[in-house]
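Going line by line, the protein sequences match chains Z and W. Residue numbering for the first sequence follows this note's numbering, beginning at 311 and increasing consecutively. Residue numbering for the second sequence follows this note's numbering, beginning at 71 and increasing consecutively.
Think of the hints as simulated: they come from the structure by calculation, not from any bench. On a predicted model such as this, the values are computed, not experimentally measured, just so you know. Don't take every hint at face value.
[To be verified] In silico DSS-like links for lysine-lysine, alpha-carbon gap of 27 angstroms or less: (1) W/Lys111 - Z/Lys391; (2) Z/Lys378 - W/Lys111; (3) W/Lys110 - W/Lys89; (4) W/Lys110 - Z/Lys407; (5) W/Lys88 - Z/Lys391; (6) Z/Lys378 - W/Lys110; (7) W/Lys111 - W/Lys88.
As a plain string of letters, each chain reads:
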Amino acid sequence: GQNIDQPTEMTATEGAIVQINCTYQTSGFNGLFWYQQHAGEAPTFLSYNVLDGLEEKGRFSSFLSRSKGYSYLLLKELQMKDSASYLCAVRDRDDYKLSFGAGTTVTVRA
Amino acid sequence: ETGVTQTPRHLVMGMTNKKSLKCEQHLGHNAMYWYKQSAKKPLELMFVYSLEERVENNSVPSRFSPECPNSSHLFLHLHTLQPEDSALYLCASSQDLGIDTEAFFGQGTRLTVV
Chain Z
311 GQNIDQPTEM TATEGAIVQI NCTYQTSGFN GLFWYQQHAG EAPTFLSYNV
361 LDGLEEKGRF SSFLSRSKGY SYLLLKELQM KDSASYLCAV RDRDDYKLSF
411 GAGTTVTVRA
Chain W
71 ETGVTQTPRH LVMGMTNKKS LKCEQHLGHN AMYWYKQSAK KPLELMFVYS
121 LEERVENNSV PSRFSPECPN SSHLFLHLHT LQPEDSALYL CASSQDLGID
171 TEAFFGQGTR LTVV
């Protein structure tokens, strides 16, 4: 099984940087996903990490350390539209199932 | 347009009612999923279908009954639900069950059981 922890809420100012941490304790590991979910909308895919290191996609970056069971999502140059819930999800080693964290609600203030 | 469409968006039903949730994907994917999202809790995987065959049933109560008539459509039939079943029900699809395959989600059906 998987145990995935991420902070419940974070608040930041427009233009700033926010880092959302995710730690996991798993019986296996086959990759970590980050999703963004705006209120009342579908979760949308942001990133996938399976090897250690940093993956950068524009203003968003995701980092993975498999030895530490740790990932973070970095949001730079925050915009009001970045206010959303960010979901960390881990795929087990031996199957295709995704286990999700409870999500981190990020509020961006002017 | 997310590629995965769910109807209805909102549903209020009594505990003795029978209703169905519908999901349709326009992405040509082979795998479809039902998730339950309750407030402040992680998404819970309920059912997985691959090529129209159920490959996962995560100890879900029998009052939830899935149906996958073809690779583009997925239903969740509901009957004699309990108030604690009130939640957002999300459908998702993926190309296949590969480990690096991302899931595409629908916008969900907000279900309230009264």
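Now for the hints, and whether the structure bears them out:
Simply put, lysine 111 of chain W and lysine 391 of chain Z have alpha-carbon atoms about 23 angstroms apart, close enough for the 27 angstroms limit, and the pair holds. Proximity of lysine 378 of chain Z to lysine 111 of chain W is assessed by CA-CA distance (about 24 angstroms); at most 27 angstroms being required, the pair is judged to hold. Between lysine 110 of chain W and lysine 89 of chain W the alpha-carbon distance is near 26 angstroms, which keeps this suggested pair within the 27 angstroms criterion. About 21 angstroms separates the Cα atoms of lysine 110 of chain W and lysine 407 of chain Z, which keeps this hinted pair within 27 angstroms; it holds.
Proximity of lysine 88 of chain W to lysine 391 of chain Z is assessed by CA-CA distance (about 38 angstroms); at most 27 angstroms being required, the pair is judged violated. This hinted pair checks out: lysine 378 of chain Z and lysine 110 of chain W have alpha carbons roughly 25 angstroms apart, not beyond 27 angstroms. The hinted pair formed by lysine 111 of chain W and lysine 88 of chain W meets the criterion: a straight-line CA distance of about 26 angstroms does not exceed 27 angstroms.
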